[in-house]
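K.L.:
Sequence:
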Amino acid sequence: MPGTIIVTGAAGGLGYAIAETVLNRNESYNCLFTVRDKDAARAKPLHDLIVSNGNNNEASTPEIDLSRLDSIRAFATDLIAKVSSGKLPPIKAFILNAAFFMERGNLQFTQDDKDVKGFEMHFAVNYLANFLLTLLLLESMDREHGRIVYVSSWKHDPALKANQGHQPEKLKWDLEELAHPKGQAGAGDEAADATRRYGASKLGLVMFM
Numbered sequence: 001m002p003g004t005i006i007v008t009g010a011a012g013g014l015g016y017a018i019a020e021t022v023l024n025r026n027e028s029y030n031c032l033f034t035v036r037d038k039d040a041a042r043a044k045p046l047h048d049l050i051v052s053n054g055n056n057n058e059a060s061t062p063e064i065d066l067s068r069l070d071s072i073r074a075f076a077t078d079l080i081a082k083v084s085s086g087k088l089p090p091i092k093a094f095i096l097n098a099a100f101f102m103e104r105g106n107l108q109f110t111q112d113d114k115d116v117k118g119f120e121m122h123f124a125v126n127y128l129a130n131f132l133l134t135l136l137l138l139e140s141m142d143r144e145h146g147r148i149v150y151v152s153s154w155k156h157d158p159a160l161k162a163n164q165g166h167q168p169e170k171l172k173w174d175l176e177e178l179a180h181p182k183g184q185a186g187a188g189d190e191a192a193d194a195t196r197r198y199g200a201s202k203l204g205l206v207m208f209m
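Under the numbering used here, residues 1 to 209 are what the sequence shown spells out, in order.
Bear in mind the hints are in silico, worked out from the structure with no lab data behind them.
Just so you know, even glycine gets a beta-carbon here, dropped at the ideal spot from N, CA and C.
One thing to keep in mind: the hints can contain errors.
Unchecked claim - With a straight-line Cα cutoff of 16 Å, these simulated EDC-like cross-link-like pairs (lysine to aspartate or glutamate) come out: (1) Lys-38 <-> Asp-48; (2) Lys-92 <-> Glu-139; (3) Lys-82 <-> Glu-58.
What the hints assert, rightly or not - Pair ranges (Cβ atoms, derived): (4) Gln-108 <-> Trp-173: 16 to 26 Å; (5) Gly-183 <-> His-145: 19 to 29 Å; (6) Pro-2 <-> Trp-173: 27 to 37 Å.
Whenever a hint applies, use it, and build me the whole structure from the sequences.
P.N.:
Right, dumping it as structure tokens:
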């Protein structure tokens, strides 16, 4: 096997398309297509895709909840051990595709983790989880050919006219406020606030690159 390929958020949308593309390539890889819940109905098309694929790829769907720091660390610890022992080849491509977007309703927060206060969900999943996963798995990357790819969004760019709502008067450019908002959005502004926070989380990811 020439390497391990990891795709987060592979159960649907772009993640599923990436998984399908990888499986249809002539090269053979160890593929880890992560999902939050492998038994969920949303994950079934991905399972069916893997089963129907007849090439030499070894593919699996490990679970990881990107809203939980303990789940992120457990996934990384297991993967590091497998690469170190030779059960898996080094990571050749690490595609961080999974994301969270709240379409309606009040802000959501991650659960408190030991002494760490829960984070706003867009910040936690779209930025913090990718930041932590990258740092944890650097040692398991292919030192010569490994690549890390972050999937961003045009919503990250506050210079675009469509994103003028990202300006400080609408969403304070303060890391603490993004991670731990002090209050909910105003009535009627919930969807716009979620879009701003989604864009800010993606901007953080771009800056981390």
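K.L.:
Compare the structure with each hint and give your call.
P.N.:
Results of checking the hints against the structure:
no. : hint                            : in the structure
1   : Lys-38 <-> Asp-48               : holds (12 Å)
2   : Lys-92 <-> Glu-139              : holds (12 Å)
3   : Lys-82 <-> Glu-58               : holds (14 Å)
4   : Gln-108 <-> Trp-173: 16 to 26 Å : holds (21 Å)
5   : Gly-183 <-> His-145: 19 to 29 Å : violated (47 Å)
6   : Pro-2 <-> Trp-173: 27 to 37 Å   : violated (43 Å)
The structure fails to meet hints 5, 6 from the earlier list, while all remaining hints are met.
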